[in-house]
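Start from the sequences and build out the full structure, keeping to the hints where you can.
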Amino acid sequence: ISAKDAGQRMARFLDENIKREHFETMAQGGFDTLRLPLGYWNLIDIEGTPDGPPDSKARWSNLQGFMKAKDYKKWIDKVFDFAKASGLRVLMDLHSAPGGQSGNQCTGCDQGPTNAIFFFGESEKNINDAVQAVKVMAEICAEKGDTCYGIELLNEPHNADRDAKHSDDIIKDLASCKMTDKPCRGLNFMFTDAQLANIEGLISDFVLSTVSNKATSPIVQTKYRTFLRDFYVKAIKVARTHLDEDKPIIIMDWPGWLDWWQHHGNFPYKDFGRIVLSTHVYEFWATSSLQDAKNTLQRSLDTLRNFSLKTDYDLLITEYALNSHGSGQGDDMFDYNSFADWYAHQLSQMGIGSMIWNFDSYWPAWGSVAYGKVGNSYLDWQAINTMFGSVTKMTQDEAVRATICNMTSK
918 ISAKDAGQRM ARFLDENIKR EHFETMAQGG FDTLRLPLGY WNLIDIEGTP DGPPDSKARW
978 SNLQGFMKAK DYKKWIDKVF DFAKASGLRV LMDLHSAPGG QSGNQCTGCD QGPTNAIFFF
1038 GESEKNINDA VQAVKVMAEI CAEKGDTCYG IELLNEPHNA DRDAKHSDDI IKDLASCKMT
1098 DKPCRGLNFM FTDAQLANIE GLISDFVLST VSNKATSPIV QTKYRTFLRD FYVKAIKVAR
1158 THLDEDKPII IMDWPGWLDW WQHHGNFPYK DFGRIVLSTH VYEFWATSSL QDAKNTLQRS
1218 LDTLRNFSLK TDYDLLITEY ALNSHGSGQG DDMFDYNSFA DWYAHQLSQM GIGSMIWNFD
1278 SYWPAWGSVA YGKVGNSYLD WQAINTMFGS VTKMTQDEAV RATICNMTSK
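Following my numbering, the numbering of the sequence shown begins with 918 at its first residue and continues without gaps.
Check the hints yourself; a few may be wrong.
[As the list claims (entries may be wrong)] Label-pair distances were calculated between CB atoms; the ranges are:
no.: 1; residue 1: E1117; residue 2: D1297; range: 47 to 53 Å
no.: 2; residue 1: A1002; residue 2: P1185; range: 35 to 41 Å
no.: 3; residue 1: T1213; residue 2: E1117; range: 26 to 32 Å
no.: 4; residue 1: R926; residue 2: S1129; range: 50 to 56 Å
Treat the hints as calculated values from the structure; they're not laboratory data. Just so it is clear, CB atoms sit at the ideal spot from N, CA and C, and this is done for glycine as well.
Here's what the structure looks like:
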């Protein structure tokens, strides 16, 4: 990606993947809002690179080197123009913070071998640069008026689940960090030094917690969420200098952390304007029957349902998907249309809207809106969305997302 023609190739890719007909397809499917994921380098040019280790800084430098932030504005404007012409609105999303809010590929750089390797909290520089990226999003949103639904401050921070009974990802992080010499900053947010002094013992405690109600569950620290709240306060204050109080500013976190935000967020309207919480719902257990697919989602749906009954915040589901039920090809007999119909209606009971990830993809199950068919099942999105009102029918635009996730789906 450091080739001399990288910028030209990126421009060609964006031209080929942001087209008027994509937005017309969304509108015809009954969707009314799309989510536009953006990396910090799409919004601001920073001095040097984010703070972090040399190998990561070299990769961030390459990402930033595609083109200047001002050059991406052409395609951001296209997204808004095509959306407006199709009667759609746009939710802008900071998909990648300077240094990465996790080590996942969708921050622009897959840090491997674990998502616990990330460097957003490495320095005040990274935080201040992220605030500036949010400021630019707010400026663009204000410029676009009603076509801009709002802005989402950050996508998918590390540590999706703090429940020791469902700690597979935590155990994987601990095991991977024990075997790598890369700095696992995420673990320092999650555990005390005393806990990390005996990683093998910590893994054993988590494993026991998953199989026995008598085992003492390890405590997962909330330091990263406290850090994120401090960042959000700064970012919201800056954004509100450009956005009126009723324009939604959205804070995303995983279902297991929503209660924490209810009790510790403390974002009253009089000080912060309209703050909306959002979350993502995913399961990756392979299920080939419709009932099994519903059953695997029950824990997440129960979490959202319980939260929605007691929260002071509106809730958006800004990502869910139709993955892990088959190949998506001709040999796949899973009933994706019935599943999508059930899924969207379940989510509608818990929030003010839901967004299918994604508009298009190499894999049909991850791009059902554009494909219109997954396996042997035709997706009738218009019928699925007929019952919903405004801000309940959402999809996402793949085109700019590719600059974030390197054209690799989740």
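Tested hints:
1. E1117 with D1297: 47 to 53 Å: Since E1117 and D1297 have Cβ atoms about 52 Å apart, the given range 47 to 53 Å holds.
2. A1002 with P1185: 35 to 41 Å: 37 Å, holds
3. T1213 with E1117: 26 to 32 Å: Hint holds: Cβ distance 30 Å, inside 26 to 32 Å.
4. R926 with S1129: 50 to 56 Å: 54 Å, holds
In this structure, every one of the numbered hints holds.
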